[in-house]
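*Asks:* Sequence:
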Amino acid sequence: MNDMMSLGIHRVWKDLLLWKMHPLPGTQLLDVAGGTGDIAFRFLNYVQSQHQRKQKRQLRAQQNLSWEEIAKEYQNEEDSLGGSRVVVCDINKEMLKVGKQKALAQGYRAGLAWVLGDAEELPFDDDKFD
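Count along the sequence shown from 1, then add 3; that gives the number in my numbering.
You may find that some hints are simply not true.
Mimicking DMTMM-like on lysine to aspartate or glutamate, the simulated pairs with C-alpha atoms at most 25 Å apart in a straight line are [stated by the list, open to error]: (1) K103 / D41; (2) K17 / D121; (3) K96 / E71; (4) K100 / D121; (5) K59 / E97; (6) K105 / D121; (7) K131 / D41; (8) K57 / D133; (9) K100 / D18; (10) K23 / D133; (11) K17 / E123; (12) K131 / D121; (13) K96 / D41; (14) K103 / E71; (15) K17 / D133; (16) K96 / D128; (17) K96 / D121; (18) K59 / E71; (19) K96 / D129; (20) K59 / D129; (21) K105 / D18; (22) K17 / E97; (23) K17 / D41; (24) K103 / D18; (25) K105 / E71; (26) K103 / E123.
Hints were generated in silico from the structure; no laboratory data involved.
Can you build the whole structure from these sequences, using the hints too?
*Replies:* What follows is the structure, given as structure tokens:
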């Protein structure tokens, strides 16, 4: 979907979808027919924001920590997504290729996988996603 076809409405509904889903850190998302990853990128941004808020609340609750200890907590945090992950599955190889290029260009590396697959015969075990 592009801006010309939807008059920009597709961006609004994608944002609204994430707001309604309210995924928390640790969510495992399967984006079927995810194409170039628009929803996947929004998901990653959303859970990263949620994880950062949670981390700040936890640090505020430990107000007896020194600035050095707080800085160390942030530096030790390897997983900025709180264990979340999104798998974009699409039947169109070219759409996935464009999505991978967009992901690299926009700096998405962690928590993102691309799988060529048919929505009618998903190549995943049951109960692997939320």
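*Asks:* Is K23 close enough to D133, meaning Cα to Cα at most 25 Å?
*Replies:* holds, 14 Å
*Asks:* Is it true that the CA of K96 sits at most 25 Å from the CA of D121?
*Replies:* Answer holds: K96 to D121 is near 11 Å, not above 25 Å.
*Asks:* For the pair we were handed, K105 and D121, check the Cα-Cα distance against 25 Å.
*Replies:* holds, 22 Å
*Asks:* Between the alpha carbons of K105 and D18, is the straight-line distance 25 Å or under?
*Replies:* holds, 18 Å
*Asks:* Does the alpha-carbon distance linking K96 and D41 stay inside the 25 Å limit?
*Replies:* Cα-Cα ~16 Å, so holds.
*Asks:* Taking only the CA atoms, is the gap from K96 to E71 under or equal to 25 Å?
*Replies:* Between K96 and E71 the Cα gap is close to 47 Å, so the pair fails against 25 Å, i.e. violated.
*Asks:* Could you grab the alpha-carbon distance between K17 and D133 and see if it respects the 25 Å cut-off?
*Replies:* Holds, at about 18 Å.
*Asks:* Hey, K100 versus D18, does the alpha-carbon distance stay inside 25 Å?
*Replies:* holds, 23 Å
*Asks:* What's the verdict on K100 and D121, does the C-alpha distance respect the 25 Å limit or exceed it?
*Replies:* This hinted pair holds, its Cα atoms lying about 16 Å apart.
*Asks:* Between K105 and E71, is the straight-line Cα distance small enough, at 25 Å or below?
*Replies:* violated, 37 Å
*Asks:* Given the hinted pair K17 and E123, is their alpha-carbon gap at most 25 Å?
*Replies:* With a Cα-Cα distance of about 23 Å, the restraint between K17 and E123 holds, given a limit of 25 Å.
*Asks:* Given the hint that K103 pairs with E123, does the C-alpha gap stay at or below 25 Å?
*Replies:* Given pair K103, E123 holds - Cα atoms ~23 Å apart, limit 25 Å.
Hint compliance for this structure: hints 3, 5, 14, 20 and 25 are not met, and every other hint is.
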